[in-house]
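Residue numbers (the numbering used here), protein chains in the order written: chain Y, 28 to 214; chain B, 2 to 398.
Derived by calculation from the structure, the hints in this document are not laboratory data.
Don't take every hint at face value.
Here chain Y is said to cover these stretches of chain B; the calculated rule only asks that three of the stretch's residues, wherever they fall, bring their Cβ under 8 Å from a Cβ of chain Y [as the list claims (entries may be wrong)]:
hint, region
1, 4 to 12
2, 37 to 49
3, 58 to 71
Remember, it's a predicted structure, so these values are computed and weren't measured experimentally.
Every residue, glycine too, gets a C-beta built ideally from N, C-alpha and C.
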Amino acid sequence: MKENFETYSDSELVELLKRDKSTSSAAFKVLYDRYSSIVHAYCCKVLGYGENAEDVFQETFIKFYNNCNKETVKFNIQGYLLTIARNLCLNVKRDRKVTVSTDYLDMYYADEQPYEQKELLDLINRTIELLDEDHREAFVLREYNGLDYSQIAELCNISVVNAKSRVFRARQKIKSILQPYLKELSE
Amino acid sequence: MNSEFLVQEFLDGSLSHADEDNFFLRLASENELRLELKNLLAIRNAIHSDVRAFTPKSESTLHIFDTLGLVSPTTVLPTVQATAVSVNPIGSFFSRYSGYMLSVVVSSLITAFVIFNWFDFDDDVSSNEYSNNISDFDRIQFVPKQIDSSAVSNPVREKTVYKYIYKEQEKTVANNLNTTDLAMMSDSESVRKEVDLVTAYSSNIHHTEFENTSDNKFVMLDKLPKIDYYNLTNNENKLFALVVRKSDYFARNFEGISRDYNFALDNLSIAGIIKVNDELEVGVEYRRERFAQEFAGREGDSYFIFQQEPDFNTFSLLAEYKPEFTEIGIFTPYIGLSAGINNAGPVGRFMLGTDINFSSMYYMNFGFDYSILFFKQEASYFISPKAGVHFGFGLNF
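If we strip away everything but chain B, and leave its shape as in the complex, we get (with noise of 0.2 Å):
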C-alpha cells in the first residue's frame, strides 16, 4: 500500500486495527508518510476553517423563513448579522440604501447638467466667458500709463501689465475698486509706487495694470488656479461604470479675478466607460472645468499679459490601467490617461490614483493628477497646466 493511499485510509478511518499499528510504526520511521500526513492534514484544517462555506448568509435565512412564513431564528440572526456588519459596515450600508443613493446621484448628475448648460449666470454675478479672440480684448478701455524719463532712457526694461478680464456687473467692479485693486497695491512699495489704475471702470471691464520689475518676458504661472471637477471611470466585473471625482489644485488666484461665484457645481464630468479586461477600462468623457489662460501682447510701448480663467466644454477619450498585480485588499490602484478637446484647444490628462471597493457596485477613489491645456492665441502657442488631488466614487452596472 503506498503512503499517499495509507494516508487517506488513515483520515478516512478505514484502517483496521493491524493496518493502523503498522501505519503507526511506518509514520515512525518514514519522513515521506509523515510529510504526506502532515500535508493532507493541513488541508483538512483549512477546509474545517472555512467559516464562509458553512456560514448562510443572513439574508438566506430570512428569505427562507419569510417565504415559508416562520417566525426568524432570532438566536440565529443576529450573530449571522453582526459578524458582516462588523467586518464591512460600510459595504452593508451601501448594500442597504443601494436604490435610493442611486436616485440621488442621477438626479444630482441631470440637474447638474441642466443647470451648467441652460441656466444664465450672467444675470445675477460675474461670469468668465472663454474669448480667445483678441479682438474682444481690444474693446478695453485702457490708458497706456506715460513712460517716466527714467524708463525711457533705459531701452531694456520695458513695462509689463497685467490685464485681469472678466465681465461683471457695475457694482461689482465699484466694490473691487476698494478691495481688490488696494490689496494688489499693497503687495510692495515699487509696485505700489507704479501703480497707475486705470480709469476705464465705466466700461463692464475691469482691468488693472503694474509694473512688472523683473522683465518683460512671459512667464507662466507657477502655480494653478483650484479647480474642481469629475469624471466616471470602470470598477470590478460590471460592464459599464459610472464614477464622480472632485479635484483640488495647488492655484495661485489670479488678481483681479473673483472665482468665488458657482465655485460647488462648476467644473462636472460624464463619462461612461467600458471595461476591456481584467486591468483595462475606456469610455467617454464630457467635462466642464476651469483653465486658467495667460497669454501675450503689446500696446504701444506696453507689454500686457492677458489673464482669464474661463470655463471649458471638454470632450475626451479615457483609458484606465489597472494592473491586479497591485491590487491590496479593497484598493485597485489605477493609471488613467485621457486625450480631449474643448473650444480652446487640445487637453491631456494624466491620473494616479486607487480606487476603494466597498461592494461590487460602489467604490470610491482618490489620486494625483496633472491635466495640460493647449491654446493659441494669434500666432503663438501657450499652454496652461494643472496638478492637484482627486477624489469621487464610483457606481458600477
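Chain Y on its own, in the form it takes in the complex (with noise of 0.2 Å):
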C-alpha cells in the first residue's frame, strides 16, 4: 500500500530523500508541494519575472535536494529553502542586470477574479519593484512567505527591529503610492 507522506514532517520526508528513487521522488514531492510556491514567490519578487526568477528557483530546489543527499537534516526546511534562494539571488544581482518581463502577466489570473483586485495587484506588482532592494526584501519575506520578524532578521542577517521596521517602511511606501488608487477604490 502506498504510504501517504503528506503527513510526514519536514525532518522526516527529507530523511527520506536519501532513500531508493522511488521513495525520494514521493517525499520531494511534497516537500516540493509545501514550499515551492514561496520560494517561487519569493524569486519572482526578488529578481522580477523573468527567466532569472525560474532560474532561481529552479537551482534552489536542485541545490537543496543534493544538499540534502550530503548533510545533515535541516530542521527550518522553508528558512533553508529561502536562504540558498536569497544567495542564489545575490549572484544573479551581482552578476547582471536584472531585467523585468511582463510576459504572460495575464496568465494566472484566475478568472473570477474581481478586476479592481487584478488592478489593485497589478499596481502592487509594479510598486513593490519600485521599492529598495533591502525593504523589498522584508516585505516579499513577510507579506508573501508569511515569516516572522524574527525570522526575516535571521534570513537578511540582520536586527529585529531592523526588520520591522524595513517592513514597515515598505509598506508605507506602497501605501503612499497607492493611495490615489485605494481612495478612489473606497469611495
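Could you fit the two chains together into a complex? Lean on the hints.
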C-alpha cells in the first residue's frame, strides 16, 4: 500500500530523500508542494518575473535536494530553502542587470478574480519593483512568505527591529504610492 | 501610537490583549483608523490573490524533477499545464513548435526570394513585364479604326481606344480571342457596335479597342487590381523583427490582362526592422508588388489608354508608430508609413492596423493599407493608387 507522505514532518521527509528513487521522489514531491509556492514568490518578487527568477527557483530546489543527500538534516526547511534562494538571487543581482519581464502577466490570473483586485495587484507588483532592494526583500518575506520578524532578521542577517522597520517602511511606501487608487476604491 | 503603526501591529498580531481592546475601541470611533485598516487589508488581500507569484511554471517543475532524476509529480503538473493551455493555447502551441516554425518560415522566404529573382516565368506562362518606354508600344501592329462620317461630323467626340499590353504565348492569345474579347463585346450594345478588334493577333502583343462613349479624357481607375504582398515590422521588446503580411486590394481587373499566373507567390517583401524605442520602429524593406498602370497616348485620330499591370521591385524605408496608450490586452495598434522607389518611380504607403501578440516571439497582424505609385510617361506624370486590407505574422529576434 502506498504511503501517505503528506502527514510526515519536514525532517522525516528529508530523511526519506536518501532512500530509493521511488521513495525519494514521493518525499521530494511533498516538500516541493509545501514550499515551491513561497520560494517561487520570493524569486519572482526579488528578481522580477522572467528567466532569472525561474532559473533561481529551479536551482534552489536542485541544490536543496543535492545538499540533503550530503549534509545533516535541516529542521527549518522553509528557512533553508529561502536561504539558498536568497544567496542565488544575490549572485544573479551581482553578476548581471536584472530585467523585469511582463510576459504572460495575465496568464495565471483566475477568471473569477474581481477586476479591481487584478488592477490593485498589478499596481502593487509595479510598486514593489520601485522599493529599495532591502525593503522589497523584507516586505516579500513578510507578506508573501509569511515569515515573522525574527525569521526575516535571521535570514537577512539584521536585527529584529531593523526587519520590522524595513517591512513598516515598505508598507508605508506602497500605501503612499497607491493612495490615489485606494482612495478611489474606497469611495 | 499613531494609526498607521497601530494597524500594522494589529495585522502582524503583535498587539497585546489590552492594546487590541484599545484598538477596537478606536476603530469604532476613528474614520482614519478604519480607512488605514481597509487599505492595508486591500493590499494584503490582493497579495494573497497573486496566483502568478505563488504558482511555479510547469516547465520549471518538470526541469527540477528531470534534473534530479525523480519521477515527475503527476498530481501537480496537469493542473498547472491545464491552466496555461486553457488561457493561451495558441501561445503554448507557438512555444512548443517555435523551432520548427522558424525553420519553415526562413526556408520559405529564401525559396520565394530565389524563385522570384532567378526563375523565368515567361517560359510557360504569360508575363507582365514592366515597360516605361513608349517605343515598346509602337511595335504593336495596331490598325486604327476608320472613323465613320458621324464621328467626323462631331469633332468634340473623339474615339478612345484601350490597349492591353502584355506579352504571352501564341496559343494563349488564340484562346483569348474567344473568351476575353467576346466578354468585352457583350458589355453593351453600343460597345458591341463600335468594337473593331484588330487583326494583330499574329504578333505576340494582344490588344483590343472599343469606343469610350463618355469622353476622351484620361480617367484613373476607380478600383484597383488585387495585389498581395508581404512586409516586415517589429514587436514587443526585442531589438529586431521580421513580419510577413499578405494583402487583398479592392480591385477592378483590366479587361485584357489575366493575373491568374503566379498569383500565390507574387508580391513578397522582406524587411529588417529595429526598435528605436517603446513606440517607434524603423527599418528597410524589399517588396515585389504589382501596380496597375494606365496612361494616355494618341495615334492618328485615335486616343489611346495604355494599360499594364507589371511587377515592381520596390525598396523602401519603413516606420511604424505603436502608441502605448492604445494597447489593449494582446492588441497593439500601429500606424505605418513607408517611402520607397522602384523602376517606375517613387512609392508611398500608409498602414493602419494592429498586432496580436501571442508570445514574445510571435505575433500576427491585420489592418488597412493604402499605396500610391508616382510614375512619368513621356512628359506626363501619372499616379496609381491601391487600397486594401492586410494580414500576416511577425517574428521577434
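Here is what the structure says about each hint:
Three residues within the 8 Å Cβ limit are the bar, and the region 4 to 12 of chain B against chain Y gives 3, so the coverage statement holds. Counting residues of the region 37 to 49 of chain B whose beta-carbon sits less than 8 Å from any beta-carbon of chain Y gives 9, enough to reach three: the coverage restraint holds. Against chain Y, the region 58 to 71 of chain B contributes 11 residues with a C-beta closer than 8 Å to a partner C-beta. That satisfies the three-residue criterion, and the hint holds.
The structure is consistent with each of the numbered hints, conforming to all of them.
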